[in-house]
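S.K.: Those protein sequence lines, which keep their order, are chains A and B. For the first sequence, this note's numbering begins at 1 and goes up steadily by one. For the second sequence, this note's numbering begins at 648 and goes up steadily by one.
Derived from the structure by calculation, the hints contain no laboratory data. Please note that a few of the clues may not be correct.
Dumping the calculated BS3-like pairs for lysine-lysine here, alpha-carbon to alpha-carbon at most 30 Å [stated by the list, open to error]: (1) A/179 - A/324; (2) A/491 - A/445; (3) A/146 - A/373; (4) A/198 - A/479; (5) A/170 - A/350; (6) B/690 - A/479; (7) A/468 - B/767; (8) A/479 - A/79; (9) A/521 - A/370; (10) A/373 - A/350; (11) A/479 - A/544; (12) B/838 - A/445; (13) A/30 - A/445; (14) A/415 - A/370; (15) A/350 - A/445; (16) A/30 - A/373; (17) A/324 - B/732; (18) B/732 - A/179; (19) A/146 - A/30; (20) A/170 - A/111; (21) A/179 - A/126; (22) B/732 - A/479; (23) A/198 - A/126; (24) B/690 - A/445; (25) A/324 - B/767; (26) B/690 - A/468; (27) A/111 - A/373; (28) A/445 - A/79; (29) B/767 - A/126; (30) B/767 - A/79; (31) A/370 - A/126; (32) A/473 - B/690; (33) A/126 - A/146; (34) A/324 - B/690; (35) A/237 - A/126; (36) B/732 - A/111; (37) A/415 - A/79; (38) B/732 - A/491; (39) A/479 - A/370; (40) B/732 - A/468.
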Amino acid sequence: MALRILYLTVACALLAGCSNNPHPPPFREKRADGTPWQASYRPFPDDPRSLDPQFSYDTLGHAVVSLVYEEMLEYHPLKTDPYELIPCLADGMPEPISGSDGTLAYRFRIKRGVYFHDDPCFSSGKGRELVAADMAYAFNRIADPKVECPVLSTLAEFVVGLQERNDEAKRTKSFDYSKPFPGIRVIDDHTFDILLLKPFPQLLYWMAMPFTAPVPREAVEYYDGRSHDGTIRQQFKFKPVGTGPFRLVEWKKGLSLRLIRNDNYTATRFPTEGWPAADAARYQAMAGKPIPFLDEVDFRIIRESIPAWLLFRQGYVEAAGLGKDVFDTAVSARQELTPEYQARGVWLYKDAEPSTFYFQFNMQNPVVGKNRKLRQAISAVYDVDLEIDIFMNGIYLNAQQLLPPGVYGYQADFKDPYRQHNVEQARQLLAEAGYPNGYDAKTGKQLQLTLDLTVDDAESRQLAEFEKEQIEKLGISVKVEENLWATQQDKMDRGNFQFTASGWNADYPDPENFFFLFYGKNIPPEGNNNSRYANPEFDRLFEKMRAMENSPERLDLIHRLNAILTEDCPMIPLYHPVAFHLSQPWAPRVVLNPLVSNGLKYTQIDVAMRKQKQVEWNRKPMWPLAGIAAFLAAAGMFAYRWSQRHG
Amino acid sequence: MNFPLWIQNLAIFLLAASMGSAFWFVARSPRWQRATRRFRNDKVGLLSACVISVYLFIGLLDSVQIPAGPHRDRTALDWMFHGIKRERTYSAPLASTSYSATRPQPLEGRHVLGTDVLGKDVLLQTLKACRTALIIGGLTSMIYIPLGTLFGVLAGYYRRWVDDVIQYIYSTLATIPSILLLIAIIMALGKGLPQISIALGVTAWVGLCRLIRGETMRQSQRAYVEAARALGQSHRQIICRHILPNVMHLVIINFILGFSGFVMTESILSYLGVGVPVGTPSWGQMIDSARMELAREPAVWWNLGASACALFFLVLALNLLGDALRRAFDPRGSSVSVSR
């Protein structure tokens, strides 16, 4: 009997421990001052490849790197029109300086009292202060061929010494880190200049990207992936040590990454201006306060979108993207939350991404490249609104130009005269192009074009069919070449296509980062001008615009560049993506700028509300248990009666 | 290559006529009269043959081109459905408004099985996919049946090194997972109905070859073949006049059962993204699209329902016909399992 009671007790204890909550307990329950420990759980689609800031160039890597490392500058988290750079590790914005010898440079001053994370790589285990030499070291790493920095070639065009150091390392097959980096002139421990080969105002944007984040040499050398005294140390790319608001304390591959608040963090505070007037009360409560507000960020690796969505519904993750498959569950036809989600108090955010998707023509192709009217006709016949309605839930922005909203030079009221979905105009242009009704006026043969697309799933196949049918309204025949992503990229690099669909996401919100896609000197293999568009006038204006600071004169140049692209039509702008995101009622998002990837340093959560909502949303229905019990009772009764009758 | 309209249509009619004549000739042939008589009494078989005939007829309708204005042709099936308007996007069966996130709009007409993402009538798309299925099944059979029969008869009749070589080839092919081999061949040849048929044909002859090889071995030991040898007939004559006619019933049954397999394989390949090209109606692509359509809220089920039903009834009819033919050809009048 005692044994039975014991079994029953153990079973009850196990049952009591059962919960829907899939997460391990937070690092701590309470802070030192007794207030609740703010742990935020976020879905994360996969393990990052690397957390080395000089190497990582993907969204997943940046999501973690930007919390662990910081750069000299960063984007204002609340300003989007236009986007604005503000100092982060730098003490004030850098000053452009020109030396008497004609050298160009930017002078940066580093904030005092910025410390690297406490880590065993430092002799005392305590993080040391950030100094100018760390920036020189970071630039040396960019030049080091072993680091494989993906932006080396771009920066090497402008920063003194990058290319030479890289060439020298390749020649000698080793990189001498004891040599000072020639492109950084260290004035004192907290002041340095970056020396430029030619004017490059976009350098400031690069100084807000993880590639230029300072890293401590001690950490790179300590975390070498080798065995020391019988203990294997991790590689630096898996053990980041930075100056950022969080430090990585645990990475369980395929499961989670856990980051804890950096108690030494003092570099930035919550902004004191820039918020929308409608939300002033909420933002004013945080203005000027030390950040981060969170104590712990737990990225939970959930590879499938549906489980991530279900966890959001249960309240176990704080945020969720709205994919096409669940879009209509949460968002109504008026692009507002459905009543169910409104009742839950969920927050809906609509983020216009600084990206543009477009069709691009191969300008070296004898058919489409040499016939501007034909390109304009295709542009005029295409119904982008319908595509957005059918395939993008009606939320993307119809693009009329290459530049997306928020980028300097974007013209909100600009209408591309060949992009107004006018079938009559398109037919007229096609006739002027020499193909009345889609047939060659000389040979009488139907015009056949080949559209190269990445087709790797049902949705991309449906989209390809839509695009084919739209253009075939002209009477021409369109053959869709279905490619895998890698094949498509390869064809674009080699110029082995007639026209194709493509897109560009801003590295930084400067028009240079879009117009360079059509710059004559960027034709592959030199660059990303996959259209092979070469227009001397465009190139001249681009070179002039690229070297200028924002000004009315620069704005005029940008508009002229846009006008040239519109008339020449080497590409047909389609749309600017808009992403819908949801946040739980206890974790409203603070950041408004989609270029900010370290938004979690501004976020805070209401732990009590989360606990209450999780209970409310995960009440276990009793009817299945009651049903099973009733069934068992009925079966028992039946068995009893049967045994009574049959003895 | 584009042939004039009348040549295309003539070719289709000739193909249909030659197929019909072949069936009529076979049915009246004294050699297979007993089987024909048995088949006529098999109600399930006859019903299956009727269902398949309907599919064939629909496929034929979608193959016959008729002029529809300058520089435009359309198929007879399109002509029959010309009153049905194209919508903007999804609409449920018999619904009155389109299924749109931002702009639900009144429909141009009613659609019995609704419309797909591009606003196409699902009933018409389902019927048009018959042609794709029939082309895949027909073209593939034209490739694998001669290959499998020829190699099977040669291996079973000549044996020794001929048998060894053929066995080596098909054993090697059989060791490669067929779906991987199919995908590899399609990747190499590119997408398209002929390419898929070639890939299926190259991988499908092994089963038939094994079957025919075994049957040829059995037949070649029988007295009538020994007698033909004793009379001094050549190998070619023995194979063509005696062996082949006696294994043809297996070929026919294998063709019928294989046909359904190819239709399903096309659907699987489309599901895996290596099926028919963009713009070609296909049950596989309709089923593939359903992966995300079913996850929508509310779910789009009619595309999957229509394509799955069409595929199901064709495959069922083909299998039942195969069974009926096996029963008809069975000399003992009892069931004997025939494997592919």
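S.K.: Next step is simple, just say for each hint if it's right about the structure.
M.R.: For each hint, the structure was consulted:
1. Proximity of residue 179 of chain A to residue 324 of chain A is assessed by CA-CA distance (about 53 Å); at most 30 Å being required, the pair is judged violated.
2. Distance hint between residue 491 of chain A and residue 445 of chain A is fulfilled; the C-alpha atoms sit about 27 Å from each other, no more than 30 Å.
3. About 49 Å separates the Cα atoms of residue 146 of chain A and residue 373 of chain A, which puts this hinted pair outside 30 Å; it is violated.
4. A threshold of 30 Å between alpha carbons decides the hint, and for residue 198 of chain A with residue 479 of chain A the separation of about 45 Å lies outside it, so the pair is violated.
5. Taking the CA atoms of residue 170 of chain A and residue 350 of chain A, the gap is about 46 Å. The hint is violated against a cut of 30 Å.
6. Between residue 690 of chain B and residue 479 of chain A the CA atoms are separated by roughly 46 Å; this puts the pair beyond 30 Å, and the hint is violated.
7. Distance check on the hinted pair: residue 468 of chain A and residue 767 of chain B sit about 14 Å apart at the alpha-carbon level, within 30 Å; holds.
8. A threshold of 30 Å between alpha carbons decides the hint, and for residue 479 of chain A with residue 79 of chain A the separation of about 44 Å lies outside it, so the pair is violated.
9. For the hint pairing residue 521 of chain A with residue 370 of chain A, the CA-to-CA distance comes to about 19 Å; that is within 30 Å, so the pair holds.
10. About 37 Å separates the Cα atoms of residue 373 of chain A and residue 350 of chain A, which puts this hinted pair outside 30 Å; it is violated.
11. Note on residue 479 of chain A and residue 544 of chain A: the hinted pairing is violated, with a Cα-Cα distance of about 40 Å set against a maximum of 30 Å.
12. Between residue 838 of chain B and residue 445 of chain A the alpha-carbon distance is near 25 Å, which keeps this suggested pair within the 30 Å criterion.
13. Simply put, residue 30 of chain A and residue 445 of chain A have alpha-carbon atoms about 77 Å apart, too far for the 30 Å limit, and the pair is violated.
14. About 24 Å separates the Cα atoms of residue 415 of chain A and residue 370 of chain A, which keeps this hinted pair within 30 Å; it holds.
15. The suggested pairing of residue 350 of chain A with residue 445 of chain A is violated, with an alpha-carbon distance near 47 Å, which exceeds 30 Å.
16. Annotation: proposed proximity of residue 30 of chain A to residue 373 of chain A is violated, straight-line Cα distance about 68 Å (limit 30 Å).
17. In summary, the hint linking residue 324 of chain A to residue 732 of chain B is supported, as the alpha carbons are separated by about 27 Å, within the 30 Å threshold.
18. About 74 Å separates the Cα atoms of residue 732 of chain B and residue 179 of chain A, which puts this hinted pair outside 30 Å; it is violated.
19. Pair hint residue 146 of chain A plus residue 30 of chain A does not hold up; C-alpha atoms about 44 Å apart against a cutoff of 30 Å.
20. Taking the CA atoms of residue 170 of chain A and residue 111 of chain A, the gap is about 35 Å. The hint is violated against a cut of 30 Å.
21. A hinted pair counts as satisfied when its Cα atoms are at most 30 Å apart, and residue 179 of chain A with residue 126 of chain A qualifies at roughly 27 Å.
22. For the hint pairing residue 732 of chain B with residue 479 of chain A, the CA-to-CA distance comes to about 24 Å; that is within 30 Å, so the pair holds.
23. Restraint check for residue 198 of chain A and residue 126 of chain A: the C-alpha separation of about 40 Å exceeds 30 Å, so the hint is violated.
24. For the suggested pair residue 690 of chain B and residue 445 of chain A, the alpha carbons sit about 53 Å apart, so the restraint of at most 30 Å is broken.
25. At roughly 20 Å between alpha-carbon atoms, residue 324 of chain A and residue 767 of chain B fall within 30 Å of each other, so this suggested pair holds.
26. Using a Cα cut-off of 30 Å, the hinted pair residue 690 of chain B and residue 468 of chain A is violated, with the two alpha carbons roughly 47 Å apart.
27. For the hint linking residue 111 of chain A to residue 373 of chain A, the alpha-carbon distance of about 56 Å lies beyond 30 Å, and the restraint is violated.
28. Annotation: proposed proximity of residue 445 of chain A to residue 79 of chain A is violated, straight-line Cα distance about 54 Å (limit 30 Å).
29. Proximity of residue 767 of chain B to residue 126 of chain A is assessed by CA-CA distance (about 67 Å); at most 30 Å being required, the pair is judged violated.
30. At roughly 44 Å between alpha-carbon atoms, residue 767 of chain B and residue 79 of chain A are farther apart than 30 Å, so this suggested pair is violated.
31. Of the pairs offered as hints, the one joining residue 370 of chain A and residue 126 of chain A is violated, with about 65 Å between alpha carbons and a cut-off of 30 Å exceeded.
32. Of the pairs offered as hints, the one joining residue 473 of chain A and residue 690 of chain B is violated, with about 49 Å between alpha carbons and a cut-off of 30 Å exceeded.
33. Straight-line distance between C-alpha atoms of residue 126 of chain A and residue 146 of chain A comes to about 28 Å, which keeps the hinted pair within the 30 Å bound.
34. For a cut-off of 30 Å, the pair hint linking residue 324 of chain A to residue 690 of chain B is broken: about 49 Å separates their Cα positions.
35. Note on residue 237 of chain A and residue 126 of chain A: the hinted pairing holds, with a Cα-Cα distance of about 20 Å set against a maximum of 30 Å.
36. About 68 Å separates the Cα atoms of residue 732 of chain B and residue 111 of chain A, which puts this hinted pair outside 30 Å; it is violated.
37. For the given pair, residue 415 of chain A sits about 25 Å from residue 79 of chain A by alpha-carbon distance, which is consistent with the 30 Å threshold.
38. The suggested pairing of residue 732 of chain B with residue 491 of chain A is violated, with an alpha-carbon distance near 38 Å, which exceeds 30 Å.
39. Among the hinted pairs, residue 479 of chain A with residue 370 of chain A is consistent with the structure: their alpha-carbon atoms are about 20 Å apart, no more than 30 Å.
40. With a CA separation close to 19 Å, the supplied pair residue 732 of chain B and residue 468 of chain A stays within the 30 Å bound.
Against the hints set out earlier in the document, violations occur for numbers 1, 3, 4, 5, 6, 8, 10, 11, 13, 15, 16, 18, 19, 20, 23, 24, 26, 27, 28, 29, 30, 31, 32, 34, 36, 38.
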